[in-house]
Each structure stands twice: as C-alpha cells, then as structure tokens.
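S.K.: Sequence:
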Amino acid sequence: TYEVGPGKPYRELTEVADRLAPGDVVEVQGDASYQSVSFDRAGSAAAKITIRGVRVNGKRPTIAGGANTVILYGSHTVFEGFEVTGGSAICIVHKADDITIRDTVVHGCTRHGILGTDAESGSLLMEYVEVYDAGGELSGENLKHPVYIATDETMYPGSVFRMQHCY
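Each residue of the sequence shown is one higher than the one before, counting from 173 in the numbering used here.
Honestly, the hints are just simulated from the structure, not real lab data.
Just so it is clear, the structure is predicted and the values come from calculations on it, not from any experiment.
Even for Gly, the Cβ is constructed at its ideal location relative to N, Cα and C.
Each hint can be trusted.
Label pairs and their calculated CB-CB ranges:
(1) Ser216 <-> Glu175: 20 to 28 Å
(2) Tyr304 <-> Pro178: 24 to 32 Å
(3) Ala291 <-> Glu175: 29 to 37 Å
(4) His337 <-> Ala261: 24 to 32 Å
(5) Arg334 <-> Pro181: 31 to 39 Å
(6) Asp203 <-> Phe333: 25 to 33 Å
(7) Asn229 <-> Glu325: 42 to 50 Å
(8) Glu325 <-> Glu184: 29 to 37 Å
(9) Asp203 <-> Gly280: 16 to 24 Å
(10) Gly280 <-> Pro181: 27 to 35 Å
All chains, please: the whole structure from these sequences, using the hints.
M.R.: As structure tokens, then:
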C-alpha cells in the first residue's frame, strides 16, 4: 500500500505511478490537490491495482491540470474516490482493459470529461460517477463530449462498457 498526500511518504501520485504492480493499493489523502498523472502499469484480473481517494474533512482528493488530467493506460485498474478537473483537453482518458472508475466527480475539461479511445481500449465500468461542465462546442466544432466511450473490438473482443448509478 502506497500512501500519498500531505504528511505521507509520497507527496504526488506521479511518485508512485511507475512503481505499481498487480495487487497494489494507492491511498490518496483528500482535502488536497495533486498534479496530472498517467497510470501505465497494469494489474491482473486476479490482482487489480487500486487507486483510492480517501476523504479528509469530507473532501475527495483533487487531481487537476495538464492537457489530459488522468490517463489510465494500465489494464485491470480501479480508480475511485476522486475529483478530476482542469485539464486543458480531457479529464480522464481510458485506454486499457478492465478499468473501473467509481465514486468520482469529473468537471472543467474543455474537450471531453471522460474519453474511451477508439484504439486500445477494452471494458470499462463507470459507477457513481458525476460528470458536468465538460465538453461542448469548441472553436465551432461540436465534437466534444462530457462522456465519449469507444472500445477496440479487435484488440479486446467482447469488450463491454457499463455505466450505472451515474449522473
């Protein structure tokens, strides 16, 4: 278990992202802000990597900034309990298989709130996720979305996108 946040062994998620292995858990302290991050390491179907926000004073941890604020490249990952905001393009990029995004608020990104890429993306479960103030018309193009999900059926045949209990 990696502990991230004020007074913890690691200050930023970027300090642990490249260390993760199947079964690892990252606990991120709430009521604090963190910089944009890419999770490239994969868990396994039997031992997922869990990146969990822990509320402090009732507040989730906030990940903000960057062009793409959170990138999920590593398969078999659970990402839960965060506020993700302020990406100049995309708040969360899904480009892996067997990803769960849970109990997360996404807002304030100009192109897409959550984007499942056309290539290299497999199954995704979104539950208890709220998305607002994301996407919309930009520079005369109406190609931006709060949630835009695709799956790569060639790379991940039978991929499923399930969204439940979301707003």
